[in-house]
Structure formats: structure tokens, C-alpha cells
Amino acid sequence: DILVNNAGFGDYGVFAECPWEKQDEMIRLNILALSHITHHFLPGMISNGRGRILNVASVAAFEPGPLMSVYYASKAYVLSLSEALTVELKGSGITVTALCPGPVNTGFSKAANAEDVSLFKKSSGADARKVAEFAVRKMHKGKPIAVYGILFKVSLVFVKILPRAVVRRLIYRIQKSRQN
5 DILVNNAGFG DYGVFAECPW EKQDEMIRLN ILALSHITHH FLPGMISNGR GRILNVASVA
65 AFEPGPLMSV YYASKAYVLS LSEALTVELK GSGITVTALC PGPVNTGFSK AANAEDVSLF
125 KKSSGADARK VAEFAVRKMH KGKPIAVYGI LFKVSLVFVK ILPRAVVRRL IYRIQKSRQN
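Residue numbering for the sequence shown follows our numbering, starting at 5 and increasing by one per position.
One thing to keep in mind: the hints can contain errors.
To be verified - Mimicking SDA-like on lysine to any residue, the simulated pairs with C-alpha atoms at most 25 Å apart in a straight line are:
#, residue 1, residue 2
1, Lys180, Trp24
2, Lys147, Ile50
3, Lys164, Leu174
Source of the hints: derived by calculation from the structure; they are not laboratory data.
Generate coordinates for the entire structure from the input sequences, incorporating the hints supplied.
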């Protein structure tokens, strides 16, 4: 049994200025739908004594995300839930993997109204097929966290050692650097 929770979207802008309806929709899809679907299918996996769950999070899950605050927070939720389930399901034959890629060439930046953010302009994003193949390999190995790309693995080292205030400012600068 395999469950892949891949649905999600982001939105770019100052939290107080973004339409609440869009933020609410993001929370409902990125958090509530993922939780509901997982909760629905997990009992069957438990009774079968086997299963794999792949939750698509993001490298955004590891850091605060000014100008995409709800998206970053929602991906932190996905990572946290995935790690918690990993512990709860130990020995059950079920594994949970949180996939944490950086930008992937899927049309995400356009949908998030973030095409002009330097992070997305400088990179066309990782190849979606390569990320998917990586995710499937890590899921079948039972890896709890799968960060795609050496650049993002290295950047997470800095996120862990730098003071949170510095990380917040860096992410804000990256997000704010829109090309008008």
C-alpha cells in the first residue's frame, strides 16, 4: 500500500495583505486534506501490517517564510506530522517519508504569484521527474526525511547553525528581491 500526498500550493505576499480566502484554501489543502487523507488510509495500512506514505513537504519546512508565511508554516506542519508518525508507526511495517525539495519545475511559482522572486527567477527548478524518482527511492528505503539536491542539503546546515533572526532576515531578502 502506498499513499502519496502531493497536493498543495503557495501564495506570495505580505500576510496581512493577502486575501484570507486564499490563505484559508491553502491551509485546507496543504494541512487539512493531507491530514484527513492520511488518517483515512492509515488504519487499513496498520491492519495490513505494511505501507508507505510519502508526504510532499519542502525545504521551506525548515525555516520561517516571510512573504510566503502560510505556505512555509504549512510545510513545517507536513514535516512535523511526518516525523511524528514515523515514531508512532515504528515496528508496524509502515514508513512515512517527508519529501523536502527546493523549487521544482511544476508551475508552482506562477500559481504562487512568485515568478518574479529571485529564488524562482535564478532557477528553473529541479526536474520534476528526477525529484519524483528520488522521492520513490527514499520512500522505499523508509527514509523519514528526503531533501532533494546538494545545494539544499548544505543550506539546511546553515539554517540549523545560524541564529533564527539571521535566517528570518535572509529568507525575507530572498523573497523580497522581486524584479519589477
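These are the hints, each one checked on the structure:
{"no.": "1", "hint": "Lys180 to Trp24", "verdict": "holds, 21 Å"}
{"no.": "2", "hint": "Lys147 to Ile50", "verdict": "holds, 18 Å"}
{"no.": "3", "hint": "Lys164 to Leu174", "verdict": "holds, 13 Å"}
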